[in-house]
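Chains as they are written, first to last, in my numbering: chain A, 1 to 504; chain B, 1 to 251.
Please keep in mind that the hints were generated in silico from the structure rather than gathered at the bench. Take the hints with a grain of salt, since some may be wrong.
[What the hints assert, rightly or not] Simulated DEER-style distance windows between Cβ atoms: (1) B:ALA209 with A:GLU445: 51 to 59 Å; (2) A:ILE84 with B:GLY51: 58 to 66 Å; (3) A:LYS2 with B:ALA209: 44 to 52 Å; (4) B:GLY79 with A:ARG371: 41 to 49 Å; (5) A:GLU154 with B:GLY132: 49 to 57 Å; (6) A:ARG329 with B:SER232: 47 to 55 Å; (7) B:ASP55 with A:TYR288: 26 to 34 Å; (8) A:TYR288 with B:ALA209: 35 to 43 Å; (9) A:GLY501 with B:GLU12: 22 to 30 Å; (10) B:THR225 with A:GLY254: 40 to 48 Å; (11) A:GLU156 with B:ARG53: 33 to 41 Å; (12) B:GLU12 with A:GLU156: 26 to 34 Å.
Computed from a predicted model, the values in this text were never measured in an experiment. Cβ coordinates follow ideal geometry from the N, Cα and C atoms, glycine included.
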Amino acid sequence: MKSFVFPEFQVIRDEEKCGQCRGCERQCAFGTHTYDPAADRLVSDDHKCVGCQRCVVFCPKNAIMVRPSPSFYRPNASWSREKIEDLKRQAETGGVLLTGCGSDKPFRIYWDHIVLNASQVTNPSLDPLREPMELRTFLGRKPDVMDISADSGEVEIRTELCPNLVVETPILFSAMSYGAISYNAFRALATAASRSKTYFNTGEGGLPREMREEFGRCAIVQVASGRFGIDAEYLNIAQAVEIKVGQGAKPGIGGHLPGEKVSSSVAETRMIPQGTDAISPAPHHDIYSIEDLSTLITALKEATNYEKPISVKIAAVHNFAAIASGIVRAGADIIAIDGLRGGTGAAPKAIRDNVGIPTELAISSLDRRLREEGIRNRCSIISAGGIRCSSDVIKAIALGADAVYIGSAALIAMGCTLCQKCYTGKCNWGICTQDPRLSGRLNVEIASQRLSNLISAWSHEIREMLGGMGINALESLRGNRDHLRGVGLCEWELDVLGIKGAGE
Amino acid sequence: MMAAQIDAADVETKELNDRLRELLLSGAKRVSIRNVCGQRYIGTRLYTPQGLRMDIEVFGTAGNDLAAFLYGHRIAVHGNAQDGVGNTMDAGEVVVRGRAGDVLGFSMRGGEIYVRDGCGYRAALHMKEYQGKRPVLVIGGRSQDFLGEYMAGGVVIVLDLAGERHDAHFIGTGMHGGVIYLRGSVEQSQVGDQVEISPVDEADRAVLAEYVTRFMERFPETEMTKEEILASGFVRLTPRSRRPYGNLYAY
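From just these sequences and the hints, can you work out the full model?
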């Protein structure tokens, strides 16, 4: 069937600069560029371009420019070009529209409507270059009461402490499974987590056996509805176990890793036959209630001899704070809350762009709810979904999070340009693909260095901002909404966030 | 100490499993637990990096998640078991001389489970196989709805020894691997769209003979003889496709 959809992008080649090296042809797995030997020139098929900018970056002559196609339909406020083309695609295929990455829709980004405080004159600001600034964070259950004895002259904690994760900076790598991302990308995340003294999350695709010993000490392993790659060793070698109930990009639905992406190594790690679809059902079919969740949480604590904190990851949706309260009471030590803009390797577009709530609102209502119920100490909150920079991190913490997960930000550090074609398995940047020719483009050493640099840069900025507020420990900022003010927000938004308007 | 006894009367789940773990680490090879009354996760906390193995006999009613994440141990229950037997089990064997509850063998990837009587809903859900690991679940009675939903591998045999006829629905919905054998017959309306019902062939008969033999060794009290069971009619349920949702999306 002839497709009626416009090309999304326009490839412009400067013929004077082009040296016919055919580098662009080799770089593009979508087949956009081809060499015409008769004319000794490169030609481009705009229809195939996904706008990932790989050829642009790697053209040795800087001869290529890729920009959104300027073609347009008659302007119509209701029928945008995207709406028209999505509809055409569905009319041509009869399929569910699939997409990758987090939602690109213009929902209000609350980070950009919140400003931070700084000290002036009284309560002087601190200089992180000469003052120690504490970013170390403990994630997990804290006791209701701390019983300390100082009888023998030495202070001793009598209360039995629950296992906690210790991170040197409140930034963890979000769950991205081997299978969804390439081995090299997965290994780069693990390597960077290890170097930066933080954690990476395996996602639900298992942890390759040869990585277990080296990277178990910086791994959070996931137990999701498909239960892929899970055995007792996997659970025990990690530092925490996360039950994935929901994901911000696709709350309420499961996932299908298509058979094409289930290579022999992915199959081995997921412990399923090669080439079969890896189907994660929408719910965990052994969890139909909070009581069932409690059973699984305890089963995982049993399986790990009560030595690991158990996290439960849910998508931020309506009334989730009440659900989260139940999750804490069911025994979770950490709640990971993933907001509307959370990323994904593949999600139906209708779900990604229409289900869930922004993470900023979610963190604040969750923190407040747990405080009101007097159970905030029983769990830590990791906020995920739409963290783009160090100021987002610090605002998340002031709104009540203990730490954040970064997914898209980490991928961007490795080269991702958010072209949203993750589900095709043809990622030219070698990140979201199982094609060895493409994944080989991602050098583990360089990619992990880029990730470590990011963590280090953000951590330094966080120290600067903390110092500016006259605070020398992240702990003092947690849930400290007095340091935030809203700009351009409605009354209800300020109420949900629990912050005052700027100038107040 | 090679064999040990635990009296589980008035012992909480955690304490019972503490004791089981201590016994395993102290070298016990066989443990029998008396007066079990709903204590959960028996066998779950028995992972050791060196792969120590133990045989456990349970007298009474085993609670939820018996043998969850089981790592190669053998557990025999003289009584019934509640929900979640063999949840995400990796290897080993569970024998229930009685009936099992819901979500039996959920997501199990290896090992064998034999249940003398029937079981509840959602048995063998998302069971899967991998390389040399092929989980086996044999049920002497009947299973309820959603048997083998999303099944991705392994062998399930439902014997219906009392001849009550299979009345479950939604059998094998979303199934994309593995095989279910039912003694007797089943209507197309009882199985998921993704399931093909066919008669058993010689190869299937060999599989059935192997596991029915093992079932009979574990439950010699069964009224029917092995020969009678094997001579019965069986149907085979297999997935029509390994990729049931391959054409769902627009690219």
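Consistency of the hints with the structure:
1. B:ALA209 with A:GLU445: 51 to 59 Å: Because 55 Å falls inside the window, the suggested range holds.
2. A:ILE84 with B:GLY51: 58 to 66 Å: holds, 60 Å
3. A:LYS2 with B:ALA209: 44 to 52 Å: violated, 57 Å
4. B:GLY79 with A:ARG371: 41 to 49 Å: Since GLY79 (chain B) and ARG371 (chain A) have Cβ atoms about 46 Å apart, the given range 41 to 49 Å holds.
5. A:GLU154 with B:GLY132: 49 to 57 Å: The hinted range 49 to 57 Å holds for GLU154 (chain A) and GLY132 (chain B), with Cβ atoms some 54 Å apart.
6. A:ARG329 with B:SER232: 47 to 55 Å: holds, 49 Å
7. B:ASP55 with A:TYR288: 26 to 34 Å: For ASP55 (chain B) and TYR288 (chain A) the Cβ distance comes to about 33 Å; the hint holds.
8. A:TYR288 with B:ALA209: 35 to 43 Å: holds, 37 Å
9. A:GLY501 with B:GLU12: 22 to 30 Å: violated, 53 Å
10. B:THR225 with A:GLY254: 40 to 48 Å: The hint (40 to 48 Å, Cβ to Cβ) holds, given that THR225 (chain B) and GLY254 (chain A) are roughly 44 Å apart.
11. A:GLU156 with B:ARG53: 33 to 41 Å: Because 39 Å falls inside the window, the suggested range holds.
12. B:GLU12 with A:GLU156: 26 to 34 Å: Roughly 28 Å apart at Cβ, these two residues keep to the hinted range, so it holds.
Of the numbered hints listed earlier, those contradicted by the structure are 3, 9.
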